[in-house]
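Counting in the numbering used here, the sequence shown runs from 1 upward without gaps.
Keep in mind that the hints were calculated from the coordinates and are not lab data.
Source: prediction; values computed, not measured.
Among the clues, some could well be false.
Said to hold, decoys possible - Distance ranges between label pairs, derived from CB positions:
(1) N33 to E71: 33 to 43 Å
(2) S78 to A41: 14 to 24 Å
(3) E71 to I42: 18 to 28 Å
(4) L51 to D31: 20 to 30 Å
(5) L45 to E65: 15 to 25 Å
(6) E59 to S82: 12 to 22 Å
(7) N62 to I42: 18 to 28 Å
(8) E47 to P25: 28 to 38 Å
Backbone N, C-alpha and C fix where the C-beta goes; we use that ideal spot for every residue, glycine too.
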Amino acid sequence: SYDEWREEHGDSIELVTDDHQRENPLQQLLDSNLRQRVMEAIETLPEREKLVLTLYYQEELNLKEIGAVLEVGESRVSQLHSQ
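Produce the entire structure from the sequences given, and follow the hints as far as they go.
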């Protein structure tokens with residue numbers, strides 16, 4: 001029963017779902033395809049906007065830190081990020 005399962009596994013149903021999705025070959029293919037399309041779209045952006053997205057999403061810098069790298073204010077980085 002569900003109650004027995006909960007006693008044995010706890011409330012980890014989300015983790016089971018996440019693990020299942022990671023192991024699903026179709027989901028992996030779709031994720032890979034989406035990732036490729038996003039990368040292609042980013043490549044079409046101007047260099048400065050590409051850099052903002054890379055620093056924000058890959059390097060996980062915040063807007064203030066990106067502003068320091070680009071030598072612009074945080075509000076300008078926010079504008080570039082939202083374009």
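Results for each hint:
{"no.": "1", "hint": "N33 to E71: 33 to 43 Å", "in the structure": "holds, 37 Å"}
{"no.": "2", "hint": "S78 to A41: 14 to 24 Å", "in the structure": "holds, 20 Å"}
{"no.": "3", "hint": "E71 to I42: 18 to 28 Å", "in the structure": "holds, 22 Å"}
{"no.": "4", "hint": "L51 to D31: 20 to 30 Å", "in the structure": "holds, 25 Å"}
{"no.": "5", "hint": "L45 to E65: 15 to 25 Å", "in the structure": "holds, 20 Å"}
{"no.": "6", "hint": "E59 to S82: 12 to 22 Å", "in the structure": "holds, 18 Å"}
{"no.": "7", "hint": "N62 to I42: 18 to 28 Å", "in the structure": "holds, 19 Å"}
{"no.": "8", "hint": "E47 to P25: 28 to 38 Å", "in the structure": "holds, 36 Å"}
Of the numbered hints listed earlier, not one is contradicted by the structure.
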